[in-house]
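Work out the full structure, taking the sequences as your base and the hints as a guide.
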Amino acid sequence: MALRGWKYDLNRFAGVTVLLLCLLWCHSATAADQPDQPNSQPFVSIQTVELSGPSVPGTGRVLELPVHEHRSERKLIELKAVARFEVPQAMASSENALYLQILHDGGVFTLNGVEVGNIPTADEKKTVRFIRPFLFPLPAGLLRAGSNTLERRWSVRENQILVPRMYVGQADFLSQRFERHFFWQNTMAQVSSVIAAVIALIRLGLFVLNSKARAYFWIGISATGWGLLNIAYFLPPVPVALFPYWHLLLYMGISAMPIGGWIFVVMDCGAHKPWFQKVCLGWAGLFCTIYWLNYLLTGQTLLPLVTPVWHMGLSVLGFYAIWVLIQTVRARRQPRHVAFLVIAVSAIVTGTIDVALMSGHQLLGFGGYTLQTVAPLWFIVVCMILVTDFSKSIQAQQAHQRELATKLDAQRQEIERLHAFERQVQQKQAAAHERARIMQDMHDGLGSQLVSSLAMAQGGELTPQQIYDLLRSCIDDLRLAIDTSTDSRDSLALALGNLRFRMEPRLKAAGIALKWNTQGLADDLPLPVEQQLPLLRVVQETITNTLKHAQAKTLSVSVASSNAELSIDISDDGSGFDVKTASQTATGKGLNGLNKRARSLGAALHIHSSASGTQVRLLLPLPLAPPG
Amino acid sequence: MTMLVATPADPPPDIRANLPARAGSAVLPVSVAILEDETHVRRSMESAIHADAGLSLAFSAQNVKEAKQLALTHAAQVYLVDLGLPDADGREFIRWIAANQPGASSMVVTVFGDDEHIVSSFAAGAVGYLLKDAPPAEIAQRIAELVAGGSPISPSVARRMLQHFMPGRNAGAPTPSQLASPSHGELVSLSEREHEVLRLIEKGLTYDEIAQALGITWHTVTGYLRRVYKKLEVRSRGEAVFEARQRGWL
Numbered sequence: 001m002a003l004r005g006w007k008y009d010l011n012r013f014a015g016v017t018v019l020l021l022c023l024l025w026c027h028s029a030t031a032a033d034q035p036d037q038p039n040s041q042p043f044v045s046i047q048t049v050e051l052s053g054p055s056v057p058g059t060g061r062v063l064e065l066p067v068h069e070h071r072s073e074r075k076l077i078e079l080k081a082v083a084r085f086e087v088p089q090a091m092a093s094s095e096n097a098l099y100l101q102i103l104h105d106g107g108v109f110t111l112n113g114v115e116v117g118n119i120p121t122a123d124e125k126k127t128v129r130f131i132r133p134f135l136f137p138l139p140a141g142l143l144r145a146g147s148n149t150l151e152r153r154w155s156v157r158e159n160q161i162l163v164p165r166m167y168v169g170q171a172d173f174l175s176q177r178f179e180r181h182f183f184w185q186n187t188m189a190q191v192s193s194v195i196a197a198v199i200a201l202i203r204l205g206l207f208v209l210n211s212k213a214r215a216y217f218w219i220g221i222s223a224t225g226w227g228l229l230n231i232a233y234f235l236p237p238v239p240v241a242l243f244p245y246w247h248l249l250l251y252m253g254i255s256a257m258p259i260g261g262w263i264f265v266v267m268d269c270g271a272h273k274p275w276f277q278k279v280c281l282g283w284a285g286l287f288c289t290i291y292w293l294n295y296l297l298t299g300q301t302l303l304p305l306v307t308p309v310w311h312m313g314l315s316v317l318g319f320y321a322i323w324v325l326i327q328t329v330r331a332r333r334q335p336r337h338v339a340f341l342v343i344a345v346s347a348i349v350t351g352t353i354d355v356a357l358m359s360g361h362q363l364l365g366f367g368g369y370t371l372q373t374v375a376p377l378w379f380i381v382v383c384m385i386l387v388t389d390f391s392k393s394i395q396a397q398q399a400h401q402r403e404l405a406t407k408l409d410a411q412r413q414e415i416e417r418l419h420a421f422e423r424q425v426q427q428k429q430a431a432a433h434e435r436a437r438i439m440q441d442m443h444d445g446l447g448s449q450l451v452s453s454l455a456m457a458q459g460g461e462l463t464p465q466q467i468y469d470l471l472r473s474c475i476d477d478l479r480l481a482i483d484t485s486t487d488s489r490d491s492l493a494l495a496l497g498n499l500r501f502r503m504e505p506r507l508k509a510a511g512i513a514l515k516w517n518t519q520g521l522a523d524d525l526p527l528p529v530e531q532q533l534p535l536l537r538v539v540q541e542t543i544t545n546t547l548k549h550a551q552a553k554t555l556s557v558s559v560a561s562s563n564a565e566l567s568i569d570i571s572d573d574g575s576g577f578d579v580k581t582a583s584q585t586a587t588g589k590g591l592n593g594l595n596k597r598a599r600s601l602g603a604a605l606h607i608h609s610s611a612s613g614t615q616v617r618l619l620l621p622l623p624l625a626p627p628g
Numbered sequence: 629m630t631m632l633v634a635t636p637a638d639p640p641p642d643i644r645a646n647l648p649a650r651a652g653s654a655v656l657p658v659s660v661a662i663l664e665d666e667t668h669v670r671r672s673m674e675s676a677i678h679a680d681a682g683l684s685l686a687f688s689a690q691n692v693k694e695a696k697q698l699a700l701t702h703a704a705q706v707y708l709v710d711l712g713l714p715d716a717d718g719r720e721f722i723r724w725i726a727a728n729q730p731g732a733s734s735m736v737v738t739v740f741g742d743d744e745h746i747v748s749s750f751a752a753g754a755v756g757y758l759l760k761d762a763p764p765a766e767i768a769q770r771i772a773e774l775v776a777g778g779s780p781i782s783p784s785v786a787r788r789m790l791q792h793f794m795p796g797r798n799a800g801a802p803t804p805s806q807l808a809s810p811s812h813g814e815l816v817s818l819s820e821r822e823h824e825v826l827r828l829i830e831k832g833l834t835y836d837e838i839a840q841a842l843g844i845t846w847h848t849v850t851g852y853l854r855r856v857y858k859k860l861e862v863r864s865r866g867e868a869v870f871e872a873r874q875r876g877w878l
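The listed protein sequences correspond, in order, to chains A and B. Take the first sequence: its letter number 489 is residue 489 in the numbering used here, and every next letter is one higher. Take the second sequence: its letter number 246 is residue 874 in the numbering used here, and every next letter is one higher.
What you were told as hints is all true, and nothing was included just to trick you.
Interface residues of chain B toward chain A, partial, derived using beta-carbon atoms under 8 angstroms:
| hint | residue |
| --- | --- |
| 1 | Pro-780 |
| 2 | Ser-784 |
| 3 | Lys-831 |
Selected chain A positions facing chain B (Cβ under 8 angstroms, derived; list incomplete):
| hint | residue |
| --- | --- |
| 4 | Arg-479 |
| 5 | Ile-482 |
| 6 | Asp-483 |
| 7 | Leu-494 |
| 8 | Leu-496 |
| 9 | Asn-498 |
| 10 | Arg-500 |
| 11 | Phe-501 |
| 12 | Pro-505 |
| 13 | Ala-509 |
| 14 | Thr-518 |
Derived by calculation from the structure, the hints in this document are not laboratory data. Note that this is a predicted model, so its numbers are computed, not measured. Every residue, glycine too, gets a C-beta built ideally from N, C-alpha and C.
Right, dumping it as structure tokens:
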């Protein structure tokens, strides 16, 4: 395998750690399996027993250990196994113990007529099925040099007669063996059950939270299976009535653990194989059905032939998973898949050894089930993957957040750019609008006034006073335009104030008292600047007319606004004029101008003049103020 | 309008102490100097001064250099100053007068009376302004008003002054705390009354109407305005110093 290009990220680190753990594990598990060397060991391995009991075929036969016999009927029977063995002188004097490698059905053990151990065995009410080693210390002096007799009396209800390997010898040495064996067979099973239960909870929980995470579901199934399988270690003895169910549960656990594992591994490799899931589930379901049917028909809970075939089938399904794994390892070279591969192969090997053991063929010196050694490893790897997946998802999330932040930043910049652009466009538009407005003003006001003044001057019909008046009115108009162009937000009140400020000294100089009243004018009148200017022109021209022609003593300007309209009333106490005549003559241009401006504003202009004075009234309908 | 009630706690300063006696009521006429480069306008202004018995012409100059020389020998009480002069900006002369003849008053003469020009002239030290096309009678009237206490300002100019004193008006400008050195102290921000007077001018009220609305005298109104002009000047000087420091000139 090429190590080139591997990065030292967490995932890789976890994978390598798992591989190292695997090696350590295998070494330490097989260390418990050192082959016996009778000559140098301080114990005696009992080789044969004489088995006797009712309905045992060929009762009184001498059988080699371990005994693994099947019987056809299923009823409670009492059994007795007697072993005779020789003990050397040296061993008899030391502190000794009896060590049973794996005991299924319990029983009472007596050595040379003295009871040394009593493990619950089957009776009318319960069925007992241990899968664990036992160690009984022997009273001092009980083990004799030379010939000794060990007897076991027990009962079975199952259709299987089992006698384990038995060793008698130095207590120190055998207890070490016992401890080691007990650790791998029981303690590890309990530890791994707890791990499995936690994993099952987490994985199934993740599946519930995120139903797309199907792989988690299968890991959960595998862990649940292992937990069920290990009930066997926690629950003996089992009441007779519940025993078939207990056994079914056990089988379901045995099926779920590898099946969940295989399906998860295949999924984790990225292969979507629904048919594989169906075959796996079908195989497990088929066996459980056969078991239950057999139990209903025969009352037997053991299937001597079917069980090994079924177990082998589970391993065969594993070959497919291994094939997928090999392909994935070659393609992706990820440590997790290497770890899966190692575990899958180990699982199949140990599973095969265990099936052989169940059928009475002990292939290793180690007499217990070996799948126990692989299962914790499997769940540790699963834990590691859970952690790596989690850290990966956190990393992915962080990367995603960074990416989002970057995108957001880019978008913000884009928005700012657009806003700047929009402002620019608005400024340009405002400038263009202002320019158009000024042009219009020049056209309507100063321009036309200058043109008509020019025409009159050309005709030579103007007196110096008339020229003065014309130029003054041009300057006034220009000032009006300047006053309204400074700030488009300027209110009408301000513009009128400026007009008053400019006109009042002139009126004063002419001896005309000005009465000015703008109290009724709202400060925030919604009047656009385009409308203000013609309005102010009307006011300015009316005042100028009074100044020039009326010979008035007082001039009154009153401006008021309501929601609906703006009213401007200008009146003087001057000599007045004939409105009809004035609007028809050339000098009446001023009046026509007023009318024109009022029309362009959409305002109504009323002019009334008599000998006692002139009243000009302008009414401008206002646009509806925006609500609020 | 409770805000218009006079507050005796804030009496106007007696600005008239620095001014010459009111035109017409004193024996001596008010001396006026003209700084204007356009011949016709200058002549029209000269004749307006000659026409009024209460006024006398100190001198008439066409550029700043000439005006400064003449001012040293023929100091006037009121200076009428055009802004666009051939050798320098009229505001420079206004500043020069403010620095060298603190008892004299400067009036700006402009074509349009637009607030931009006026306010910058007030910041230089001017205390009133005239429109160039003002008829002779109006010129004399404005000078008389100025001498009496204050010549009126337009609503637009009042508004511009209010904007000038608005807090945070310009991010680059010095903060009030930076300006509030012992030399100018509270002079840099408007008092409530000064603010109020400007607001009423902005609304188009005359001095008489303001005096009536606030329950104070005409002189008090113009006194407030003089103080506003002074603050404008101090503030603009402070800003100039500040800017000079920022640029490393000082």
